[in-house]
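Protein chains: 2
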Amino acid sequence: MERIPILRMGKFLLITIQVDMHDTTALALQDDLMAKIARSGARGVLIDISALDVVDSYIGRMIADISMMSKLLHARTVLVGMRPAVAITLVELGLSLRGVKTALDVEKGMELLAAALEDGDAADQD
Amino acid sequence: MERIPILRMGKFLLITIQVDMHDTTALALQDDLMAKIARSGARGVLIDISALDVVDSYIGRMIADISMMSKLLHARTVLVGMRPAVAITLVELGLSLRGVKTALDVEKGMELLAAALEDGDAADQD
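Each protein sequence line maps, in turn, to chains A and B.
Per the working numbering, residue 325 is the first one in the first sequence, and the count goes up by one each step.
Per the working numbering, residue 325 is the first one in the second sequence, and the count goes up by one each step.
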């Protein structure tokens, strides 16, 4: 079975999705990611989909699920690298990825996460 | 044809290899990477192979080639995430990846690149 690698970069975790996700790969990714968040105390997750030509409803739901699960473990998720054509198709399919934050590329996603963390930490102190 | 995404992170580029590389994928990766180094002026390349169970002589040579090509464009390459079993097999196969720097994970690879850049820049000024 293929496993998608999860890379640690400072306080964040990075996942690049390059292959079509099937049931087992997607479930394994969720398991691996949650275990890694719990173990590392990571506060943010970046999911890069720049390699994907197509994002169907299955992958869309998987990403939304990961975002919600991560939130329960106190980590924020940002989806990065979406191709323009994918954005068009998603909306045409009626999938709006509600609740999932996006950024154009990994660098901008990291900035977004860092800013969100600062805001969040400030709010926590209130 | 599958294309392997190249992610920009500050001064460095990150590639995660998740699939078996064939001729066309490997050549496309080399082309894409050299174009991206030239365009971005990146000074370092991280190649993550933590998803690979097997590294054969073809992938080994491809990585060594990328390392040499990047060097010609003034960028250093670090191979990260190699599994212990892969290291054992590589040596048993007689492949020592000569000239390729390695690090245990992406974070350590970034530190290595950053340190190498500082040394290099200091040497450039001499």
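These are calculated hints, taken from the structure and not from any lab test.
One or more of the hints may lead you astray.
Any copy, or any two copies together, can satisfy a pair, since identical chains are not distinguished.
Okay, derived cross-link-like pairs now, SDA-like style, lysine to any residue, Cα gap no bigger than 25 Å in a straight line [what the hints assert, rightly or not]:
| hint | residue 1 | residue 2 |
| --- | --- | --- |
| 1 | 425 | 398 |
| 2 | 335 | 389 |
| 3 | 360 | 409 |
| 4 | 335 | 382 |
| 5 | 335 | 359 |
| 6 | 335 | 378 |
| 7 | 360 | 418 |
| 8 | 360 | 408 |
| 9 | 360 | 411 |
| 10 | 360 | 420 |
| 11 | 360 | 413 |
| 12 | 432 | 351 |
Checked hints:
no.: 1; hint: 425 - 398; in the structure: within (15 Å within a copy, 36 Å between copies)
no.: 2; hint: 335 - 389; in the structure: within (21 Å within a copy, 32 Å between copies)
no.: 3; hint: 360 - 409; in the structure: between (32 Å within a copy, 22 Å between copies)
no.: 4; hint: 335 - 382; in the structure: neither (28 Å within a copy, 35 Å between copies)
no.: 5; hint: 335 - 359; in the structure: within (15 Å within a copy, 30 Å between copies)
no.: 6; hint: 335 - 378; in the structure: neither (29 Å within a copy, 29 Å between copies)
no.: 7; hint: 360 - 418; in the structure: neither (32 Å within a copy, 34 Å between copies)
no.: 8; hint: 360 - 408; in the structure: between (31 Å within a copy, 20 Å between copies)
no.: 9; hint: 360 - 411; in the structure: between (29 Å within a copy, 24 Å between copies)
no.: 10; hint: 360 - 420; in the structure: neither (27 Å within a copy, 31 Å between copies)
no.: 11; hint: 360 - 413; in the structure: neither (32 Å within a copy, 27 Å between copies)
no.: 12; hint: 432 - 351; in the structure: neither (27 Å within a copy, 29 Å between copies)
In this structure, the earlier hints numbered 4, 6, 7, 10, 11 and 12 are contradicted, and the remaining ones agree with it.
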